[in-house]
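2 protein chains.
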Amino acid sequence: MRSLNVSLGTRSYPIHIGGGLLSQAALVTPHLRTPRVAIVSNETVAPLYLDKLAAPLRAAGVAVAEIILPDGEAYKNWETLNRIFDRLLAERCDRGTTLIALGGGVIGDLCGFAAASYQRGVPFIQVPTTLLAQVDSSVGGKTGINHPRGKNMIGAFWQPQLVLADTDTLQTLPARELAAGLAEVVKYGLIRDLPFLEWLEAHMEALVARDGAALAHAIERSCRNKAEVVAADELETASEGGRALLNLGHTFGHAIETGLGYGQWLHGEAVAAGTVMAAELSRRLGWLHADEVERVRRLLARAGLPVRGAALGAERYLELMGHDKKVIAGKLRLVLLKRIGEAVTHADAPRADIVAAIEACCA
Amino acid sequence: MRSLNVSLGTRSYPIHIGGGLLSQAALVTPHLRTPRVAIVSNETVAPLYLDKLAAPLRAAGVAVAEIILPDGEAYKNWETLNRIFDRLLAERCDRGTTLIALGGGVIGDLCGFAAASYQRGVPFIQVPTTLLAQVDSSVGGKTGINHPRGKNMIGAFWQPQLVLADTDTLQTLPARELAAGLAEVVKYGLIRDLPFLEWLEAHMEALVARDGAALAHAIERSCRNKAEVVAADELETASEGGRALLNLGHTFGHAIETGLGYGQWLHGEAVAAGTVMAAELSRRLGWLHADEVERVRRLLARAGLPVRGAALGAERYLELMGHDKKVIAGKLRLVLLKRIGEAVTHADAPRADIVAAIEACCA
Numbered sequence: 001m002r003s004l005n006v007s008l009g010t011r012s013y014p015i016h017i018g019g020g021l022l023s024q025a026a027l028v029t030p031h032l033r034t035p036r037v038a039i040v041s042n043e044t045v046a047p048l049y050l051d052k053l054a055a056p057l058r059a060a061g062v063a064v065a066e067i068i069l070p071d072g073e074a075y076k077n078w079e080t081l082n083r084i085f086d087r088l089l090a091e092r093c094d095r096g097t098t099l100i101a102l103g104g105g106v107i108g109d110l111c112g113f114a115a116a117s118y119q120r121g122v123p124f125i126q127v128p129t130t131l132l133a134q135v136d137s138s139v140g141g142k143t144g145i146n147h148p149r150g151k152n153m154i155g156a157f158w159q160p161q162l163v164l165a166d167t168d169t170l171q172t173l174p175a176r177e178l179a180a181g182l183a184e185v186v187k188y189g190l191i192r193d194l195p196f197l198e199w200l201e202a203h204m205e206a207l208v209a210r211d212g213a214a215l216a217h218a219i220e221r222s223c224r225n226k227a228e229v230v231a232a233d234e235l236e237t238a239s240e241g242g243r244a245l246l247n248l249g250h251t252f253g254h255a256i257e258t259g260l261g262y263g264q265w266l267h268g269e270a271v272a273a274g275t276v277m278a279a280e281l282s283r284r285l286g287w288l289h290a291d292e293v294e295r296v297r298r299l300l301a302r303a304g305l306p307v308r309g310a311a312l313g314a315e316r317y318l319e320l321m322g323h324d325k326k327v328i329a330g331k332l333r334l335v336l337l338k339r340i341g342e343a344v345t346h347a348d349a350p351r352a353d354i355v356a357a358i359e360a361c362c363a
Numbered sequence: 001m002r003s004l005n006v007s008l009g010t011r012s013y014p015i016h017i018g019g020g021l022l023s024q025a026a027l028v029t030p031h032l033r034t035p036r037v038a039i040v041s042n043e044t045v046a047p048l049y050l051d052k053l054a055a056p057l058r059a060a061g062v063a064v065a066e067i068i069l070p071d072g073e074a075y076k077n078w079e080t081l082n083r084i085f086d087r088l089l090a091e092r093c094d095r096g097t098t099l100i101a102l103g104g105g106v107i108g109d110l111c112g113f114a115a116a117s118y119q120r121g122v123p124f125i126q127v128p129t130t131l132l133a134q135v136d137s138s139v140g141g142k143t144g145i146n147h148p149r150g151k152n153m154i155g156a157f158w159q160p161q162l163v164l165a166d167t168d169t170l171q172t173l174p175a176r177e178l179a180a181g182l183a184e185v186v187k188y189g190l191i192r193d194l195p196f197l198e199w200l201e202a203h204m205e206a207l208v209a210r211d212g213a214a215l216a217h218a219i220e221r222s223c224r225n226k227a228e229v230v231a232a233d234e235l236e237t238a239s240e241g242g243r244a245l246l247n248l249g250h251t252f253g254h255a256i257e258t259g260l261g262y263g264q265w266l267h268g269e270a271v272a273a274g275t276v277m278a279a280e281l282s283r284r285l286g287w288l289h290a291d292e293v294e295r296v297r298r299l300l301a302r303a304g305l306p307v308r309g310a311a312l313g314a315e316r317y318l319e320l321m322g323h324d325k326k327v328i329a330g331k332l333r334l335v336l337l338k339r340i341g342e343a344v345t346h347a348d349a350p351r352a353d354i355v356a357a358i359e360a361c362c363a
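The listed protein sequences derive, respectively, from chains A and B. All the letters of the first sequence, read from the start, carry residue numbers 1 to 363 under the UniProt record's numbering. All the letters of the second sequence, read from the start, carry residue numbers 1 to 363 under the UniProt record's numbering.
Warning: the hint list may mix true and false statements.
[Stated by the list, open to error] Label-pair distances were calculated between CB atoms; the ranges are:
1) ALA356(B) to ALA90(A): 23 to 31 angstroms
2) ASP86(A) to ASN5(B): 38 to 46 angstroms
3) PRO30(B) to SER239(A): 12 to 20 angstroms
4) ASN77(B) to LYS52(A): 34 to 42 angstroms
5) ASN5(B) to GLN171(A): 55 to 63 angstroms
6) GLU43(B) to SER239(A): 33 to 41 angstroms
7) ASN5(B) to ALA175(A): 56 to 64 angstroms
8) PRO30(B) to ARG33(A): 35 to 43 angstroms
9) SER239(A) to ALA232(B): 30 to 38 angstroms
10) GLU319(B) to ALA213(A): 53 to 61 angstroms
11) ARG308(B) to PRO14(A): 50 to 58 angstroms
12) GLU43(A) to GLY61(B): 48 to 56 angstroms
[What the hints assert, rightly or not] Quick look at which bits of chain A chain B covers, simulated, 3 or more residues with Cβ under 8 angstroms:
13) 88–101
14) 108–122
[To be verified] Sample of chain B residues lacking proximity to chain A, with all beta carbon distances greater than 12 angstroms (derived):
15) GLU205
16) ARG295
17) ALA314
18) HIS346
19) ALA349
Honestly, the hints are just simulated from the structure, not real lab data. No residue lacks a Cβ here, since even glycine has one placed at the ideal position from N, Cα and C.
Okay, chain A solo, but in the shape it has when bound (with noise of 0.2 angstroms):
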């Protein structure tokens, strides 16, 4: 088990990372308040790890209720997180309640909101069973559910007590979601692990071929970076660089979700191909060459993930872009690439250069 700790404080937590962690109740009871937990999960998940982890933790003395959700980035609204309300207010569970997350980002997102805004806010745990919600939606307290205009719109800061991430759920990860999660891995290295990058250029084929010792490794790397990331700018309050650096391919990226319409991309395969276009945007202001675009999109197509965009238009594009969360007084601040390794913030690119990458970039 490799095990690190993401430093906030009194809000501090630590990340173990390793096989069979799932039913180690021994590493989730020292993390509860009460003997009592509300597991949160889905209908794909849930029949693969629920009983995996509820069977030890009963075992253990701890009352365990499971709220099965329906699966899919389309549940992640409203309407879903009221039945996690319906159902913990149902089962009387009170302020010392621990909400477990097992499942992919959205659970985990869900489920942190409501233990964010459940009684003004109860104790949670994150079991991600995915690579994506392993190497960054579990780390770093971002919580929340999406808008009809809007993705994650609507959320929370709440940081768990504990990150669990047990690789053997990788291996009944559909191949399109283990890619998805390699679209974020990849992230680490272009914005500020070089080293990574190149390590990862030399194993993305042990990755892809959900090698053990390779993933464990690329999560614990992934989530160094990420846990240095947020301990240094919790909240995304920094105005230059920070947290903000780790949405490199995200606002190109939620154009694609929201203009599809959520769960038609997964999210890390619209940030891959957001990323491209952030690549090819910062070569247009004369960041980058052609030569370290085609390295981005070489890496991650061979993690098979797609690497143009959904052809929406460009208007459109900057439309949904307009929404987004990194616009601050109406100026579109976008993450892109001053070298390979090393990402900025920038409010400053021209319309015209933000149009011709998404042309270029597009299916």
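For this one, chain A is given, so just place chain B on it according to the hints.
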């Protein structure tokens, strides 16, 4: 103008109290992140005070959106909250937009929770226009909405940047609502400020007659008490005493509000009847004399408040109280009076005494 500070480290903020503050844009503008606000108000308050607040802000160069909601506790729910989100997104309000709550406790709770969760948190300012909101709900960062199964079950702790209590707005407040605010004023005397309680006993008629100087004193003293309690226990995590003491009468009161359906009794009215129940239970535990219970009842009655609870039956009370957020691990934790001027939290009141206290204090 009287001013005091709520000391919460980086989340500290000032409270200004006085006449005519609403129109002083210079008090507001230093607290804005960008020159853009959305004022959230209701159909009763907006015709009276919205222009008084908005016009000077616009004259100072601030872009002002207006979000007018229906009036009443019955609207403190997800649907109304979502109307705020819809408008904020339609107006493309970004993370720098400050939400301003102009109204009573319902508007403050709704607007505050909208601010806590819109794009994972934007700044907000409280401009309370009821006595209850000025002395209680606008200070301390509790925000939220009701759920059919319980009051304030969904919400967040989210501190404002500023509280502006314009005492002039109390001149248009219905008498019943003025009285409801006085229930919380009396509370501060009962739980931690005997000299203030004695002052209230000497000045209750002046307060009911809306004497400006008396009101300003009562508001300032109430806010100072609340600010001290909140500063010591921001997130209500103290296991004994702390912020929970502010809930004197509230657990019984919530049962009345929920049992009758939100909006039948005003919150402060339910708290007044609940406070008498808490005093009566304290007597049964040997902490108060019968004449001290009578002292509490008399002061609340002089404020024009109900001092007997709704006749729901003791069993229904207990059932409804079991859903209260003050329940930790299944035990009913109540705020009671060790003596006049000193409250304690107590989880060991015999059920028979709770039943007897409820029955003794019901209509």
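Violating hint indices (sorted, rising) | Per hint list: zero violations.
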